[in-house]
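Listed in order, the protein sequences are those of chains A and B. With this note's numbering, the residue at position 150 of the first sequence is 150, and numbering never jumps. With this note's numbering, the residue at position 241 of the second sequence is 1241, and numbering never jumps.
It is worth saying that the hints were derived from the structure and are not from the lab. Each hint should be verified, as a subset may be incorrect.
As the list claims (entries may be wrong) - Ranges between beta-carbon positions, derived for each pair:
no.	chain 1	residue 1	chain 2	residue 2	range
1	A	Ala216	B	Leu1160	34 to 44 Å
2	B	Leu1119	A	Leu357	39 to 49 Å
3	A	Asp241	B	Asp1188	27 to 37 Å
4	A	Pro135	B	Asp1188	50 to 60 Å
5	A	Asp327	B	Met1127	15 to 25 Å
6	A	Gly88	B	Met1127	48 to 58 Å
Said to hold, decoys possible - Some chain B residues well away from chain A (every beta-carbon gap over 10 Å; in silico):
no.	residue
7	Val1117
8	Tyr1151
9	Val1225
10	Met1231
11	Glu1234
Computed from a prediction, not measured in an experiment: that's the story for all the values here. We treat Cβ as the ideally placed atom computed from N, Cα and C, and that holds for glycine.
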Amino acid sequence: MEKKSKKKVGILKKEISRRAFIKTTALGTAGLGLSSWLTVPFTYGAEPPIKIGMFQENTVFATEYGYWMAKVGKAAIAKLNAEGGIAGRKVELFDYDTKANPAWAAGMFKKMILEDKVDMIMGSVHSGVHNACFPLAKEYKIPFFGGGSMTYDYTGKDSLSLHGGYYIRCHTHARSQAVAGWKFGFDNLGKKWTFLVADYAWGHSLAREFGGRVVAAGGKAQNVFAPPTTADFIPYLQKVDPDTEVLFTAFLGSAGLGVLRQTVEVGLHKRLQRYTVICCTEGIGQEIVGKESIGAYYIEYHPRHLDQVPKELHPYEKAYRKACGVDDDGKEVGNPMVTIAGSHMYSMWIYPYMIKLGIEQTGWKDSKKNTDLIKAICSLKLKAGPWCPIGDLTMREEDHQGFSDFYISRVEPDLKLKVLERIPKEKAMYEPEVDLRKML
Amino acid sequence: MEGLRVKLHSNQRTRFVISNLTVAILNGVVWGLIMALIALGLNMIFGLLHIINMAHGALYMLGAVVAWYFIELTGSFWIALIIAPLCVGVIGLIIERGLIRKIEDKPIITIICTFGVMLAVQQLVLMIFGGSPRRIAPPIAYRFPIFTLQYPLMRIMIALISIGLMSGLWIFLRKTKYGLWMRAVVQDREMAVGLGIPVNKVYMWTFVLGSALAAFSGVLAAPIVSVEFMMGREVLIMAFIIVIVGGMGNLEGSVLAAIIISLIQGVGSLFAPPSVATIFALGFMIIVLLIRPQGLFGE
């Protein structure tokens, strides 16, 4: 008796051969792929999305900056897409962590260019990361929008050799801070200064830029350099000259808190004025810095508290804060322990808009017109508005540097930063040391 | 008249130099005692158990972070000073039972694993505590004058607590049964086993004690240095240097090494740039190890 061969029966109670299975699967896969490819162009027109890479310090160091840069950058891209994208094209954001590690960040920069195929990159406050990525921006001719690095040299005379003109910076740096802020300190706080600053590029550039101007005006400048992660400042505070009238400090993170507090601990605050840049306590609430900071003067690039922002900017500032989840006091909505890095994060809000304007002005489609795009962006004169809540911002074509207003603030007894003086952007300008218009 | 003015100016400069030198020496001793306390826990684990605990800095940081939460809850620094080391001691127990015990005879793997623990703890704290530094207000805000400067009493208090704790530890190791067991295990583990000493328990409690000491030093240092997730990184290398220069397992040697290194850095930075002063301190370390590789008081 012959055995009946058992054939496998599928759920449809039909016999399924191997060939039929493979054929059906292949057809189904092709159909799915085709349908996804066909739907995307019709959503925003027939153009692929514009890809923007973004990286910032999420871990290791300067994380208080990185947190807000990422948050504001994402909010800006979401707003841009909600308003129709750029030239009818959706904007896609690729977000990475630099880990405050130049070698790692350069790897991420390259990954964004070669794998993610981004059209431009923005972000980072870390000078070392910038230095590591400049050669790549130059090699791949990709626009790199700086997040918050304060080293003047990046838009100085060495710009060409550093990045070939592919770097754009809308925010401040040590020289513009000095040009804007030195006179207030000299006229109101004192003429004999000591610069107790971090012993690396940022600290040195602040001491050089501010100190040079103080000395040129007939004052005195003493430099005391300490390691960037100094915990015990007493050995350095001891070196402050007995006749010093202004103690200018520049440290980040816990060292920034430490120097302010320990200046009070050794009683120096009784005989001199303390002056610093907001970078030292960005992302850190004054209540955390402590009452030892009362009476200290800060140079801010955008006021932390809404009621200190100029009245005419309030409509734009309120909308910007709402989009980024920030309350009137400069705290994260729902999380009052987290303070904004308000004088740095605005660059990530403005850059996407500058890119939009540049693309729409030049008709940019792809990297072939990157040079035209950079030229258009670097000649923008933005007016205060929803996309520029910090007030008017002027970009300078010669060195790709942006200028906006400054504010001199003082820490009041209620630990709020109260604006004493608004310094217009024209008073922060200096002669450019390079002319990148010729090279691009 | 001119000569009198010059003499007065010269006297002022002399007074300035004497004042600075006095503060530098005082601060060097005080800061040295603080560093000795930070190294104490590492000396227990490294010196006695020969375990290279790369997570020591993370435990120091964890002590400060836990203390911050308790101070937010209770408003009391002193309660946090007791509770935080206990909490971190429990974490040390988990690390020892769950990880160290399995690999304690493999030094390279111990280094890698404890390094991994350090990274994991840092990232966990970053996620929960956040990246911004926080402060712990000093429980004592009084300052006393030294010539032209003032010196915070808090630092003197920390130094005195360090001395008290180190004295207590010395008494524990020299005068108690458990201390005797610990010294016996260090001398000859097999003999200790043969004599009925519960070696595994000794290892475990030594690690727990070392972790608690790391946390205790973190709580004490926090009012000076601020609390942040990377604060342990700054002390780890110096702690290892102090333990090695002082002599592994030798607490007196660690205290002396910490004070000498701190004094060299503090006084040196009066006359030279800080980086040069640090080089002097490290130069001292190299010279000691060339002459006495076992450390100042090592055997």
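For each hint, the structure was consulted:
1. A/Ala216 / B/Leu1160: 34 to 44 Å: Hint violated: Cβ distance 49 Å, outside 34 to 44 Å.
2. B/Leu1119 / A/Leu357: 39 to 49 Å: holds, 43 Å
3. A/Asp241 / B/Asp1188: 27 to 37 Å: Violated - the Cβ-Cβ distance for A/Asp241 and B/Asp1188, about 60 Å, lies outside 27 to 37 Å.
4. A/Pro135 / B/Asp1188: 50 to 60 Å: With Cβ atoms ~59 Å apart, the hint holds.
5. A/Asp327 / B/Met1127: 15 to 25 Å: holds, 23 Å
6. A/Gly88 / B/Met1127: 48 to 58 Å: Violated, since A/Gly88 and B/Met1127 (Cβ atoms, about 39 Å apart) do not stay within the stated range.
7. Val1117: holds, 17 Å
8. Tyr1151: violated, 7 Å
9. Val1225: With a cut-off of 10 Å, B/Val1225 comes too close to chain A, as the shortest Cβ separation is near 4 Å.
10. Met1231: At roughly 7 Å from the nearest Cβ of chain A, B/Met1231 sits no farther out than 10 Å, so the non-interface label is violated.
11. Glu1234: Given a closest Cβ separation of 6 Å, the condition is violated.
Checked against the numbered hints given earlier, this structure breaks hints 1, 3, 6, 8, 9, 10, 11; the rest are met.
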